[in-house]
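Taking the hints into account, I'd like the entire structure generated from these sequences.
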Amino acid sequence: MKRKLPILLLALLIAAVFLVQQIFFIVHTASAVVVTTFGKPADAAITEPGLYLKWPRPVQKAYRFDTRIQCLEGSYEQTLTKDGKTIVATAYLGWRVDEPVKFLERVGTVAEAERSLEGLVRNYKNGVIGSHPLSHLINVDTKALRFAQIESEMLAAIQPEARARYGVEVVMLGIRKIGLPETITEAVFQRMREERRTVSERYRSEGAKEAALIRADADKRARTLLADAEASAKRIRADGDAAAAEYYATFEKNPELAMFLRKLEVLEQTLKKKATVVLGTDTEPYDLLRGAAPFAPEKK
Amino acid sequence: MTQPEQQQQHAGPAPRPNAGQEPASRALVRAFDLGFRLLRWLVLALVLAFLARSAIFVVPQHEIALVLRFGRVTGSADQRIRKPGLHFACPYPVDRVIRVAAERVHTIESDTFMAGTRAAKTAAPPPWRRSAMLSPDRDGYMMTGDANILHGKWALRYRIAEPERFVFNMAQADRLLRGELDHAIVAVSAQSHVDQALRTDVEAYRGRVQDLIRQRCRNLQLGVQIERVDVLLLAPPRQVKDAFEQVMKAENQRSEEISAARTYAARVENEARGKAARIRAEADVYKQRLVSSISADAAYFNKVYEKFAAQPLITTQTLLQDTLRRVLARVEDKYILRTTPDSRQELRILLNREKDRRPEPGENTGPMPEPKRSSDEALFEFP
Chain A
723 MKRKLPILLL
733 ALLIAAVFLV
743 QQIFFIVHTA
753 SAVVVTTFGK
763 PADAAITEPG
773 LYLKWPRPVQ
783 KAYRFDTRIQ
793 CLEGSYEQTL
803 TKDGKTIVAT
813 AYLGWRVDEP
823 VKFLERVGTV
833 AEAERSLEGL
843 VRNYKNGVIG
853 SHPLSHLINV
863 DTKALRFAQI
873 ESEMLAAIQP
883 EARARYGVEV
893 VMLGIRKIGL
903 PETITEAVFQ
913 RMREERRTVS
923 ERYRSEGAKE
933 AALIRADADK
943 RARTLLADAE
953 ASAKRIRADG
963 DAAAAEYYAT
973 FEKNPELAMF
983 LRKLEVLEQT
993 LKKKATVVLG
1003 TDTEPYDLLR
1013 GAAPFAPEKK
Chain B
466 MTQPEQQQQH
476 AGPAPRPNAG
486 QEPASRALVR
496 AFDLGFRLLR
506 WLVLALVLAF
516 LARSAIFVVP
526 QHEIALVLRF
536 GRVTGSADQR
546 IRKPGLHFAC
556 PYPVDRVIRV
566 AAERVHTIES
576 DTFMAGTRAA
586 KTAAPPPWRR
596 SAMLSPDRDG
606 YMMTGDANIL
616 HGKWALRYRI
626 AEPERFVFNM
636 AQADRLLRGE
646 LDHAIVAVSA
656 QSHVDQALRT
666 DVEAYRGRVQ
676 DLIRQRCRNL
686 QLGVQIERVD
696 VLLLAPPRQV
706 KDAFEQVMKA
716 ENQRSEEISA
726 ARTYAARVEN
736 EARGKAARIR
746 AEADVYKQRL
756 VSSISADAAY
766 FNKVYEKFAA
776 QPLITTQTLL
786 QDTLRRVLAR
796 VEDKYILRTT
806 PDSRQELRIL
816 LNREKDRRPE
826 PGENTGPMPE
836 PKRSSDEALF
846 EFP
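Residue numbers (this note's numbering), protein chains in the order written: chain A, 723 to 1022; chain B, 466 to 848.
One should not assume that every hint holds.
With a cut-off of at most 27 Å between alpha-carbon atoms, the simulated DSSO-like pairs for lysine-lysine come out as follows [as the list claims (entries may be wrong)]: (1) B:K714 with A:K931; (2) A:K985 with B:K799; (3) A:K956 with A:K975; (4) A:K776 with A:K824; (5) A:K985 with A:K995; (6) A:K985 with A:K996; (7) B:K768 with A:K975; (8) B:K706 with A:K807; (9) B:K772 with A:K975; (10) A:K996 with B:K799; (11) A:K931 with A:K942; (12) B:K740 with A:K942; (13) A:K824 with A:K762; (14) A:K995 with B:K799.
Derived from the structure by calculation, the hints contain no laboratory data.
Written out as structure tokens, the structure reads:
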């Protein structure tokens, strides 16, 4: 009997663990547990974290749900815009289990919920995009762009239905991809090439134009600078002449003497080494060469 | 009773039904016994190891940890987050430890907008079947506001700023953040010019994507701090690559032309400034020279005038004679002709005699021909 004791204890331990697992359950933060009694769910889910008790199976069963944001990517498929353009767009959304009891009843699993939500996203994506022209989705004019509005419209449409039908709160929604049908891309490429050609041409002509403008401007500035300099040089010279004129009054005392001095100066400046000078003996002091005595002998 | 004693008891008084099989069965029993004992110790060790593993834990330097007791985060306000170091917790299932690499910068790369990304996952077409088109099933791309197509590869770098929000708000953080990154890229591309996005304003384009994703993550309270959004690659589709390269060439050409013109402008302007300065300087010099010369003349005149007033004839004659002396002393050729009141003399002067002229090659260097009277010769007649 003594030897059977450990085996008995082990069996009891296993039974206890099994029982504990059956009657205790933990509700983690950011999760919810719905307890069903003979398959009938309780009125409200347990969302407060902690340790809870329940009857073991098959009386009660605990269904655990993650209440954190789950991510769902919608399908990438064609949609028509209001102005008849075909585009390909994908929306993705973040959702979380909001009403666990309803979620358990209506969909039960995350995979099933995603399948159902995907259908909702498809419907409302097509509906909302179909009520806007393409220029609301892509546009360089931010005032005409309605990108955020389109997303909000889709979100606003999906939210109540997701909550009412599946007990799911759609937290956010975004357009994750916008594309064009394959056949249209070739036409787009052709247009892009044309645009690039135009842009190239514009750059080339702009370059030539701007260079010409810069050169012309530089020439103009240079001419202005020179003209200004000439004008101020003229003023400076005039100042000089005016200042010089003040001295002319000095010469008024005896103009003949002034002219005489000036002539002497001219003589000095103009007769250089290589000049040839021919003088008559009547020019002083060469009159001495004629033998003319300046002074008559006082006594004869 | 100790185990060796038990063993001895087993081995000692046991019945011996068959003497030939006895040693073999004894050995078998002993082996089983040993095996069971070893197994017992092993189980005990495993249980202890498990308890120790879940009771004592180390948080490395780049991580933090949250301890959940029966699903609820333990600790008061500032002790909820376990910093790096050694920590204790009750064994599973009472406590559960969640580790978060909060100090690390996490990176999420998105190749949603690259060509052939889906093809790589499914059946990639061989290079010789490359299409002139882009298939939405196979190729990703961004649509710009001016309806152009661009490929891009992006990276989102973030840190976990609020670990509790990060852990308890998102079930699949990577998937959600990649979705947010793609969404921000699509939304910002949809309002950008292709030229701005690709070349002229890449930084602003990138910045707008970063701002948008920051704002969205803040609103959703995801507990992440967006460090940076990086553009790893931006390129036009290969189908129109040449056209884009032509634009770049044209732009380079434009820049070159403009910079050549700017160089020209700088040179012309500098030259003009130099010239203008010279013109002004010359005028200044003229003015100074004129004024100083005239003032010197006036001073000289005043001095001479004083003497002239006293002795006019002597003064003028002295000045004249002095000047002639100085001037004629340096003049090489001086001719003094005797003149009388009734004399008539003819004097011939050869103008432009070019004394020092070097003969041109082939020029006749013979004796100078007889001078002829021509228009070059002037006749001075002295009375």
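Hints and how they fare:
1. For the given pair, K714 of chain B sits about 17 Å from K931 of chain A by alpha-carbon distance, which is consistent with the 27 Å threshold.
2. A distance of roughly 20 Å separates the Cα atoms of K985 of chain A and K799 of chain B; the hinted pair therefore holds under the 27 Å criterion.
3. Our distance criterion of 27 Å between C-alpha atoms is broken by K956 of chain A and K975 of chain A, whose separation comes to about 31 Å.
4. With a CA separation close to 20 Å, the supplied pair K776 of chain A and K824 of chain A stays within the 27 Å bound.
5. The suggested pairing of K985 of chain A with K995 of chain A holds, with an alpha-carbon distance near 19 Å, which does not exceed 27 Å.
6. Distance restraint check for K985 of chain A and K996 of chain A: the Cα-Cα separation of roughly 20 Å lies within the 27 Å cut-off, and the hinted pair is therefore satisfied.
7. For the hint linking K768 of chain B to K975 of chain A, the alpha-carbon distance of about 12 Å falls within 27 Å, and the restraint holds.
8. Restraint check for K706 of chain B and K807 of chain A: the C-alpha separation of about 26 Å stays at or below 27 Å, so the hint holds.
9. Proximity of K772 of chain B to K975 of chain A is assessed by CA-CA distance (about 13 Å); at most 27 Å being required, the pair is judged to hold.
10. This hinted pair checks out: K996 of chain A and K799 of chain B have alpha carbons roughly 10 Å apart, not beyond 27 Å.
11. With a C-alpha separation of about 16 Å, the suggested pair K931 of chain A and K942 of chain A falls inside the 27 Å cut-off, and the hint holds.
12. The suggested pairing of K740 of chain B with K942 of chain A holds, with an alpha-carbon distance near 15 Å, which does not exceed 27 Å.
13. With a C-alpha separation of about 12 Å, the suggested pair K824 of chain A and K762 of chain A falls inside the 27 Å cut-off, and the hint holds.
14. The suggested pairing of K995 of chain A with K799 of chain B holds, with an alpha-carbon distance near 10 Å, which does not exceed 27 Å.
When the structure is compared with the earlier hints, a violation turns up for hint 3 alone.
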